[in-house]
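**Student:** For reference, the chains in residue letters:
There are 2 protein chains.
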Amino acid sequence: MKDHPILKAARGEKPDYVPIWIMRQAGRYSAKYREIRAKAGSFMDLCRNPELAAEVTLLPIHEIGVDAAILFSDIFVPVEKMGINIEFVSGKGPVLSPVVKTVDDVETLKVPEPEEDLPYVIETIQLIKKKLTDRPLIGFSGAPFTLASYILEGGSTKDYLAAKTTMWNNPLLWDKLMTRLSEVVTKYLISQIEAGVDLIQIFDSWMGVLSKEEYKTKVFPYTERIVNTIKGKYPEIPIIHFGVNSGHLIEINDKLNVDVIGLDWRTDIPFALSKTDKSIQGNLDPVTLFAEDYIIERKVGKIIEEGIAARGHIFNLGHGILPKTDPSKARFLVDTVHRLGKL
Amino acid sequence: MKDHPILKAARGEKPDYVPIWIMRQAGRYSAKYREIRAKAGSFMDLCRNPELAAEVTLLPIHEIGVDAAILFSDIFVPVEKMGINIEFVSGKGPVLSPVVKTVDDVETLKVPEPEEDLPYVIETIQLIKKKLTDRPLIGFSGAPFTLASYILEGGSTKDYLAAKTTMWNNPLLWDKLMTRLSEVVTKYLISQIEAGVDLIQIFDSWMGVLSKEEYKTKVFPYTERIVNTIKGKYPEIPIIHFGVNSGHLIEINDKLNVDVIGLDWRTDIPFALSKTDKSIQGNLDPVTLFAEDYIIERKVGKIIEEGIAARGHIFNLGHGILPKTDPSKARFLVDTVHRLGKL
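Chains as they are written, first to last, in the UniProt record's numbering: chain A, 1 to 343; chain B, 1 to 343.
Isolated chain A, as found in the complex (with noise of 0.2 Å):
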């Protein structure tokens, strides 16, 4: 397993061909995985239960062929046992209660021991795992900053008022709460290592709304935190980091300790790599799977071509993959991505 494409992109060393995995991938574009996730009541449910979370993770492994799997999970699963109230309301999103004002309320606010709290997580891992054994399986976290987003905000934000507000207005409230979410992220992110992951990725995808600044000085420390005490515990297990829209921070971000850098697609792969040693992940643009085959051809001609010059490339999305797109053009993706990526 170690020598997977995937692993040795992470590390930077070569592999025979360019890897791919889909943001996404076990996802509502696919059928099976609409049919599962119909069947098992809430979203937060699936997650909730290793049979079908673990049958919805290997779903794309068999369905578009990706050399990865992802453990099916969301964000807001540790964040329910640390006290908060989750529920998604069509048309608005997650919808969090209590919202979080002060610091008493982060004193209230538990951090989770994932093989009591969260023994659901560890056990669909164990479950992938005895069934995934010729390709890497990644676990991951949201990161403190887009946790705390939507603590902050109680759910989803255009503006980001209650996050920034806060990190200027009311530093020790910041300060308590990131603290607490990565210890939070910390302890989940090595439970998941325990129970078997390959990888992981920290998903701090809200963290391109910020300037570098605030990025820097407010978020960088708390990731930076987590990533120092999972390398020091685990080093030999690659860390991809990704956001939306941050490319204006991929030189702070050259600075963690991570093996891989992921790029959403208006992050260009020749700028990123002037501002970044590291191995780079990316960067389609999701909407190109709606376009006609040549196109997709052509433009993932030039990632490789362009991810060449990278200490290592991972192919994905530059975001999730949309629940409109045709199962057959993500099928279609990875095979040409195999096709062109020999190395």
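Because the hints were derived from the structure by calculation, they are not lab data.
One thing to keep in mind: the hints can contain errors.
As the list claims (entries may be wrong) - Straight line, CA to CA, 27 Å or less: simulated DSSO-like cross-link-like pairs of lysine-lysine: (1) B/Lys275 / A/Lys216; (2) B/Lys255 / A/Lys275; (3) A/Lys32 / B/Lys212; (4) B/Lys131 / A/Lys255; (5) B/Lys233 / A/Lys212; (6) B/Lys255 / A/Lys329; (7) B/Lys92 / A/Lys158; (8) A/Lys212 / B/Lys212; (9) A/Lys324 / B/Lys231; (10) A/Lys158 / B/Lys255; (11) A/Lys101 / B/Lys329; (12) B/Lys158 / A/Lys302; (13) B/Lys129 / A/Lys324; (14) A/Lys275 / B/Lys212; (15) B/Lys158 / B/Lys324; (16) B/Lys92 / A/Lys302; (17) B/Lys32 / A/Lys158; (18) A/Lys329 / B/Lys32; (19) A/Lys302 / B/Lys32; (20) A/Lys101 / B/Lys324; (21) B/Lys324 / A/Lys92; (22) A/Lys158 / B/Lys129; (23) A/Lys275 / B/Lys275; (24) B/Lys212 / A/Lys158; (25) A/Lys216 / B/Lys129; (26) B/Lys129 / A/Lys212; (27) B/Lys129 / B/Lys233; (28) A/Lys92 / B/Lys216; (29) A/Lys302 / B/Lys324; (30) A/Lys233 / A/Lys130; (31) B/Lys233 / A/Lys158; (32) A/Lys342 / B/Lys158; (33) A/Lys275 / B/Lys32.
Note that this is a predicted model, so its numbers are computed, not measured.
Use these hints to put chain B onto chain A, whose structure you have.
**Tutor:** Chain B alone, transformed into the frame defined by chain A:
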């Protein structure tokens, strides 16, 4: 008028102080605006009412003391005269119908003659210019890509699926629509200049969702054509070009014959200045107006210091002022820029 600090900054001459205006400065954060808006009927009715539109345009001059007014209007004002119906549906944003799907659909779209089809815009400008004698009036239009994205989607979109797939899968339709829109925008902006605006801003609000290649080949040439036509006729009228999230496109836009590149808050000024020698506009995060005063002063200080290295600098927010903003904070921002921005 031609020596006003905003015009000097745009041209790269040295004004006495850093001038400021604010995107959406005549907007919902103002109680007086909400009052006028309520008596006008629909939002589009307000745009079509010269007396009220002029009154709204001038509000922020008195209320917060900005250095320029911007015509109160909407990017859809010329679009409805192309033969597309616009409705603002609460919680959904603009809904456009019919949705353009074929080359034949494009052929039915009219190029409005501003004097005949948009007389209220010209009249609004003339009314404002009578009252506003000591500061410039900014005219504006949406750019073809931003307008095309609404026209092809039939409204707002998160993924720009229709616009992107049209540019890839149906390049003829894309070219016809973008060409038509370029004619519309050119005529519309020229009519504003002839009615008396002192400078113009082209809002290519959503260009930042495109990768460099798409932007360069499928969008830039149309904006270039508009700008070159206007500059051929009115070389003395400065042009500002702005879109959110478009730091990765600055080096392309540097080749536009515009005077000022607008920056959102993610794109730090030193980075922008490494990509363009043009004057810049921006770029305080609009959420900063919810922070404590000393945070606002500090960030204004940084932006002014950084802007000194630019050819010229017009202070602005990095995107529109948020409706929930306390007007006294907007006033404080303007005063702070004037206090710290002596040159």
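**Student:** If a hint holds in the structure, say so; if it doesn't, say that too.
**Tutor:** Against the structure, the hints come out as follows:
Restraint check for lysine 275 of chain B and lysine 216 of chain A: satisfied, since their Cα atoms lie roughly 22 Å apart, inside the 27 Å limit. Only pairs whose Cα atoms come within 27 Å are accepted, and lysine 255 of chain B paired with lysine 275 of chain A is accepted, the gap being roughly 24 Å. Between the alpha carbons of lysine 32 of chain A and lysine 212 of chain B the distance comes to roughly 36 Å, so the proposed pair goes past 27 Å and is violated. This hinted pair does not check out: lysine 131 of chain B and lysine 255 of chain A have alpha carbons roughly 55 Å apart, beyond 27 Å.
With a CA separation close to 40 Å, the supplied pair lysine 233 of chain B and lysine 212 of chain A exceeds the 27 Å bound. With a C-alpha separation of about 36 Å, the suggested pairing of lysine 255 of chain B with lysine 329 of chain A is violated against the 27 Å cut-off. Of the pairs offered as hints, the one joining lysine 92 of chain B and lysine 158 of chain A holds, with about 14 Å between alpha carbons and a cut-off of 27 Å not exceeded. Distance check on the hinted pair: lysine 212 of chain A and lysine 212 of chain B sit about 22 Å apart at the alpha-carbon level, within 27 Å; holds.
With a C-alpha separation of about 43 Å, the suggested pairing of lysine 324 of chain A with lysine 231 of chain B is violated against the 27 Å cut-off. A C-alpha spacing of about 32 Å is found between lysine 158 of chain A and lysine 255 of chain B, which places the hinted pair above 27 Å, so the restraint is violated. A C-alpha spacing of about 22 Å is found between lysine 101 of chain A and lysine 329 of chain B, which places the hinted pair at or below 27 Å, so the restraint holds. Annotation: proposed proximity of lysine 158 of chain B to lysine 302 of chain A holds, straight-line Cα distance about 25 Å (limit 27 Å).
The hinted pair formed by lysine 129 of chain B and lysine 324 of chain A fails the criterion: a straight-line CA distance of about 50 Å is larger than 27 Å. About 17 Å separates the Cα atoms of lysine 275 of chain A and lysine 212 of chain B, which keeps this hinted pair within 27 Å; it holds. This hinted pair checks out: lysine 158 of chain B and lysine 324 of chain B have alpha carbons roughly 23 Å apart, not beyond 27 Å. Note on lysine 92 of chain B and lysine 302 of chain A: the hinted pairing is violated, with a Cα-Cα distance of about 37 Å set against a maximum of 27 Å.
This hinted pair checks out: lysine 32 of chain B and lysine 158 of chain A have alpha carbons roughly 25 Å apart, not beyond 27 Å. A C-alpha spacing of about 52 Å is found between lysine 329 of chain A and lysine 32 of chain B, which places the hinted pair above 27 Å, so the restraint is violated. At roughly 53 Å between alpha-carbon atoms, lysine 302 of chain A and lysine 32 of chain B are farther apart than 27 Å, so this suggested pair is violated. Among the hinted pairs, lysine 101 of chain A with lysine 324 of chain B is consistent with the structure: their alpha-carbon atoms are about 19 Å apart, no more than 27 Å.
At most 27 Å may separate the alpha-carbon atoms for a hinted pair to count; lysine 324 of chain B and lysine 92 of chain A meet this at roughly 20 Å. Proposed proximity of lysine 158 of chain A and lysine 129 of chain B is contradicted: the alpha carbons are some 36 Å apart, above 27 Å. Note on lysine 275 of chain A and lysine 275 of chain B: the hinted pairing holds, with a Cα-Cα distance of about 15 Å set against a maximum of 27 Å. At roughly 24 Å between alpha-carbon atoms, lysine 212 of chain B and lysine 158 of chain A fall within 27 Å of each other, so this suggested pair holds.
Taking the CA atoms of lysine 216 of chain A and lysine 129 of chain B, the gap is near 45 Å; set against the 27 Å cutoff, the hint is violated. About 40 Å separates the Cα atoms of lysine 129 of chain B and lysine 212 of chain A, which puts this hinted pair outside 27 Å; it is violated. In summary, the hint linking lysine 129 of chain B to lysine 233 of chain B is supported, as the alpha carbons are separated by about 21 Å, within the 27 Å threshold. Proximity of lysine 92 of chain A to lysine 216 of chain B is assessed by CA-CA distance (about 35 Å); at most 27 Å being required, the pair is judged violated.
A threshold of 27 Å between alpha carbons decides the hint, and for lysine 302 of chain A with lysine 324 of chain B the separation of about 44 Å lies outside it, so the pair is violated. About 24 Å separates the Cα atoms of lysine 233 of chain A and lysine 130 of chain A, which keeps this hinted pair within 27 Å; it holds. At roughly 40 Å between alpha-carbon atoms, lysine 233 of chain B and lysine 158 of chain A are farther apart than 27 Å, so this suggested pair is violated. Pair hint lysine 342 of chain A plus lysine 158 of chain B does not hold up; C-alpha atoms about 34 Å apart against a cutoff of 27 Å.
Between lysine 275 of chain A and lysine 32 of chain B the CA atoms are separated by roughly 48 Å; this puts the pair beyond 27 Å, and the hint is violated.
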